[in-house]
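Novice: Here's the letter readout for the chains.
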Amino acid sequence: MAKELWKGNEAFAEAAIRAGLQAYFGYPITPQTEALEYMSARMPELGRVFLQAESELGAINMVYGAAATGVRTMTSTSSPGTSLMMEGLSYIAATELPMVLVDVVRGGPGLGTISPSQGDYNQMVHGGGHGDYYPIVMAPAGVQETVDMVYGMFDIAEKYRSIGVVMLDGSIGQMIEPAEMPPMLEVRKDIPEWAVRGGAGKDKRILTSINLDPAEMEKMNLRLLKRWKEVEKNEVRFAEYYMDDAKIAIIGNGTAGRIALSAVRTARAAGIPVGLLRPISLRPFPVQAVQEVAAQLDNILVVEMNAGMMLEDILKIVQGKTSVEFYGRIGGVMPYPEEILAEIQRIAANPAPIKGHPRDLWMERIEPVINQ
Amino acid sequence: MVALDIKDMEIVYRHPDSLVDISTHYCPGCTHGIAHRLVAEVIDEMGLAKRTIGVASVGCSAFSYNYFDFDFVQSPHGRAPAMATGVKRSRPDRIVFTYQGDGDMISIGAGEIIAAAGRGENITVIFLNNANYGMTGGQMAPTTLPGMKTTSSPNGRDVEQTGYPILASELLATQQGASYIARRSLHDPKNIRMAKKAIRLAFETQVRGLGFSMVELLSTCPTNWHMTPANATKWLEEKMLPYYPIGDYKVHPELSELKV
Amino acid sequence: MQNETLIAGFGGQGVLFTGKIMAHAAMAENLQVTWFPSYGPEMRGGTANCTVVISDEEIGSPQVRQPHAVIAMNLPSLDKYENQVAPGGYLVINTSMVNRKAKRSDIHVLEVPGTELAEELGDKRLANSILLGALLAEAKFLKVGSVEKALEESLHGNKKTMVEINKKAMQKGADYIKGK
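These protein sequences, in sequence, are chains L, B and Z.
Just so you know, we're using this note's numbering here: the first sequence kicks off at 1 and counts up by one.
Just so you know, we're using this note's numbering here: the second sequence kicks off at 1 and counts up by one.
Just so you know, we're using this note's numbering here: the third sequence kicks off at 1 and counts up by one.
If you are wondering where the hints come from, they were derived from the structure by calculation, not from laboratory data.
No experiment lies behind these values; they were computed from the predicted model shown.
It is possible that some hints are incorrect.
To be verified - Mimicking DSS-like on lysine-lysine, the simulated pairs with C-alpha atoms at most 27 Å apart in a straight line are:
| id | chain 1 | residue 1 | chain 2 | residue 2 |
| --- | --- | --- | --- | --- |
| 1 | L | K247 | L | K316 |
| 2 | Z | K168 | Z | K140 |
| 3 | L | K3 | Z | K140 |
| 4 | L | K3 | Z | K160 |
Go ahead and model the full structure; you've got the sequences and the hints to work with.
Specialist: Dropping the structure here:
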């Protein structure tokens with residue numbers, strides 16, 4: 001198929017439909033609402049289920065019910081809505097049901113802004129509600145990547161009977177880029193073995209998340225963790241740019257990563273040996289790739305659109321083997337490439353290891369910028 | 001004495017096929033068992049067991065899926081109508097019902113139940129009102145009567161501080177999307193028979209695709225009410241019935257002609 | 001090769017549409033492109049802007065501090081974005097809606113009475129295409145043919161009648177700037 005111009009929010013909706021999505025439930029929230037609107041027209045046209053729920057609580061529990069019947073189902077929302085969905089996500093994880101969530105992240109905390117942010121990193125990558133489980137979290141950096149990721153996420157979610165999250169920031173939801181749509185898959189006709197369908201007696205199935213016997217619950221938790229080890233083995237994804245001869249590595253995901261790419265190119269043109277590692281899977285995290293960077297390079301600069309959430313993960317992986325610095329914009333502000341370029345130039349001029357926590361040092365540098 | 005041939009006798013009372021033949025965890029004298037039995041009998045009589053999916057909620061009935069002998073899912077607290085919506089919309093040819101208590105349905109789940117009724121969601125809700133939170137040990141619920149003592153209203157429910165009981169049937173009957181809303185009581189055989197008819201009508205509503213149906217069942221909680229089962233039944237009749245009048249609050253015209 | 005254009009003006013001046021036409025044309029030329037809108041509170045004041053980045057390699061940042069070109073459809077847009085144009089870049093001013101001259105001397109300033117020229121064509125909403133025509137006539141980073149193709153493919157249904165008049169508007173903008 002030829003490329004067409006697609007707005008991010010509508011693109012991922014169409015990609016999900018082409019992946020055989022059978023039931024979509026959602027609630028309006030900026031900057032994601034175009035996806036809900038797109039679904040409201042397209043799903044009924046194809047004879048599939050669309051329902052605008054009474055709240056994000058309603059939406060995620062409708063997804064829970066639909067997932068229990070074995071249909072391909074999803075919701076999409078933005079950060080405050082994601083917070084509301086945490087309850088349902090935990091139940092869905094415990095019931096071992098596959099589903100897809102697209103989180104178009106906006107600036108927080110609270111009602112915050114509707115501008116692009118990566119402030120949901122902790123609540124998705126380290127969270128997804130109460131209990132010991134992880135959603136699979138991927139962060140695309142453009143419209144085509146979002147399309148491909150949402151299209152493929154249903155298979156991944158079903159393979160591991162897990163929650164698949166595609167987390168993009170508001171700018172990707174709102175921007176238009178050329179994208180090629182994947183082929184339309186047939187909607188599944190069969191019902192997975194584990195799904196409820198209306199069965200009595202020996203065919204009866206129960207899908208529940210409660211088991212009051214701690215010993216049994218412990219076994220179930222262990223099963224989830226063992227399955228997670230498989231996810232870690234198979235689903236790590238990242239992209240590298242100009243890393244072959246780099247001495248300084250920038251690590252940034254999603255939009256922060258692609259903005260850093262512009263800075264890296266300018267710095268390269270000025271002869272600074274800098275490269276970019278862009279994690280695509282945030283859970284499982286590309287641990288080995290970061291370890292290799294830490295072992296070989298002198299400096300790492302972590303760039304995020306939050307106050308250093310991924311930074312903490314990278315510090316744990318690096319374990320002091322190389323100097324890690326941080327640059328971020330917060331609350332819904334996107335950095336410009338020039339800001340990251342200035343950081344690269346500063347590090348290139350003085351690559352000596354920093355003294356102190358990278359966040360503390362960044363706070364000293366960023367305060368005058370914010371108050372400009 | 002003449003030996004009777006048991007084969008020749010008419011069976012007037014038997015274990016419903018749709019109930020698993022095990023003991024329940026419910027307290028002695030609790031009316032959950034009666035409500036379960038009535039639902040199971042209706043499902044059996046209507047021949048729905050092989051196409052029914054139940055939605056359990058959070059509260060004493062969280063484990064109701066262990067007793068009904070057909071497919072079940074279990075929802076987060078209060079969210080059963082939303083989850084049932086997801087099941088029903090995905091499998092519209094299945095019969096989907098929720099089984100919820102008063103704290104679950106009309107406190108934490110008030111939003112979900114009103115939204116489901118407003119949408120005219122073609123599901124059935126079995127709502128047990130025993131005027132307290134049973135599973136957590138008898139705290140005040142939105143249905144607790146004025147002056148009633150609970151573990152979180154030790155001096156009796158003070159309406160100046162905590163307001164008045166929410167009348168769920170009256171409330172839901174105002175929704176245009178609701179097709180059958182009835183309140184019944186489980187305190188004596190006559191009322192239990194009436195309750196069964198209401199449950200039957202609620203499922204008939206769904207089978208006919210008429211929209212949202214809900215049956216509120218006034219129930220006893222001897223343990224948390226600190227009464228014997230017999231006294232609890234008497235208390236329900238004397239104290240709850242005046243506050244929660246039994247009756248049909250909404251009946252779709254197509255149902256009023258139906259004889260069950 | 002990378003080129004960035006920021007288009008700004010009042011809501012209803014076709015700012016977002018012009019950006020989309022440029023994106024479409026870039027795609028037709030097998031270039032990489034991003035169209036990035038201002039959204040949210042900025043839109044509430046009745047002003048709108050979008051940035052179109054066109055490149056022959058994978059595009060990094062979708063928003064730029066110093067765009068290669070700015071199309072200012074009104075005075076607030078000129079006030080806000082004049083200083084941001086990259087040195088040597090292009091500033092297209094809709095002089096019909098602006099009562100001052102540009103201050104910069106290190107950039108190409110293209111003054112076009114877009115709204116007035118559009119009214120000559122019978123529809124003042126064509127000012128956006130007139131300004132785009134003027135910009136491309138000078139900066140030449142997109143072929144006129146690709147933009148015309150983009151118009152044909154973007155305006156369908158009851159908007160189809162707008163294709164030819166938009167082409168005319170682009171030509172009028174180009175003629176105006178060449179004739180100066």
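Novice: So, for every hint listed, does it hold in this structure?
Specialist: Against the structure, the hints come out as follows:
1. K247/L / K316/L: The given pair, whose Cα atoms are some 21 Å apart, holds under the 27 Å limit.
2. K168/Z / K140/Z: Measuring from Cα to Cα gives roughly 18 Å; hence the hint holds.
3. K3/L / K140/Z: Cα-Cα ~24 Å, so holds.
4. K3/L / K160/Z: 22 Å, holds
Comparing the model with each earlier hint shows no violations; every hint is respected.
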